[in-house]
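**Student:** If you want the building blocks of each chain, they are given just below.
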Amino acid sequence: NAGVTQTPKFQVLKTGQSMTLQCAQDMNHNSMYWYRQDPGMGLRLIYYSASEGTTDKGEVPNGYNVSRLNKREFSLRLESAAPSQTSVYFCASKGTSYNSPLHFGNGTRLTVT
Amino acid sequence: GQQVMQIPQYQHVQEGEDFTTYCNSSTTLSNIQWYKQRPGGHPVFLIQLVKSGEVKKQKRLTFQFGEAKKNSSLHITATQTTDVGTYFCAGNNGANNLFFGTGTRLTVIP
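Keeping their order, the protein sequence lines are chains A and B.
If you use our numbering, the first sequence corresponds to residues -8 to 104, in order.
If you use our numbering, the second sequence corresponds to residues 684 to 793, in order.
Only chain B is shown next, with the shape it has when bound in the complex (with noise of 0.2 Å):
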């Protein structure tokens, strides 16, 4: 079945180094999203890659879709507190349902 990994499961940086967080999928995907969730919330959209190779920025998030769509990352460039959550990748393969990953938690040391 559809699987969504992603990588790493926990992340501490301190406040100005740079975060990564990568997304594999067993099958090819139509288009990915990104999510975060602010520790005791709920999961907020970020944003949806569609196309083969598609980088799109949001401030200091840039996300990518890999050539082959089986894979993502999102990167954010000089960790501010701002930025603490966890941060989910949800595959989707044309159909109604998102697989999501399972998540990467940051936490940005001051």
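Isolated chain A (complex conformation) (with noise of 0.2 Å):
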């Protein structure tokens, strides 16, 4: 049981360049999120998957996409990385109940120069 898992844990960009964020959880839960952290910001949330088959915004999703791929899988894409990107991304889940508390990954450390 390895709860939620993240790829790749560190990543350097150059400006322009795209890559893809992976996440899958195996809590079988319903609800999968992205957080970016930033020194000063604590953690903003970016996309929300509440099911398999939807996503919505969140407070800060300009310059993303994502997929829920599945109801394990949950991926963030930057098409074109800017330095204002550079940040640390944690993938989340959660179970059905509003209340129940988030798991995360270990985090990707992205750099883009």
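Treat the hints with care, as some may be off.
The list that follows gives simulated cross-link-like pairs (lysine-lysine, BS3-like), each with its CA atoms no further than 30 Å apart [stated by the list, open to error]:
#, chain 1, residue 1, chain 2, residue 2
1, A, K48, B, K753
2, A, K48, A, K5
3, A, K48, B, K739
Just so you know, the hints here were simulated from the structure itself, not pulled from any lab data.
The task is to assemble the complex, starting from two chains supplied on their own in separate frames and drawing on the hints.
**Tutor:** Pasting the structure below:
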């Protein structure tokens, strides 16, 4: 039981390059989330998926796209990376109840030069 | 929109001293959750408070939820070096999203 698995752990991109961050959970959770964490800003929600087949924008969606491939997997894509997207990205999942806790992956540290 | 403010942003304490972080929401919350993130790690769920005025304890950690369900606090008694990390509150307004505070980074000086 691995919980939430994110890949890659580290990535360096040049401005304009694209990449996809992968996330998978094995807890049979319906809801999955992508957050970014920047110093002094806490965790800001990029996109979320309340259930398989649905996705919604969070607080900071610009420059990102997501795909809920199936119940287990939720990917985040940067089509044209910008230095402002340098951050640590966390994927999380949670159960159906609105007050279920979030389970986080180990994070992806992305640097855009 | 929903905002959750957390203070202080940083706190340095001598080992053995107490520590408190405060969380305030602009709107009434259905519940509040607390997470701890060790340096280089990911946030880990600590506890959830649901009822107005609720107080919960986990060993040296005491969590409170305000009567109006708009504020919360985490108090650590007699800090230890293992308490080092960033503590986040996260408010839920009854929907499927959590709104995280900016976090309080705790440093414990041995």
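**Student:** Look at each hint and say if it fits the structure.
**Tutor:** Results for each hint:
1. K48/A with K753/B: holds, 25 Å
2. K48/A with K5/A: Cα-Cα ~25 Å, so holds.
3. K48/A with K739/B: violated, 33 Å
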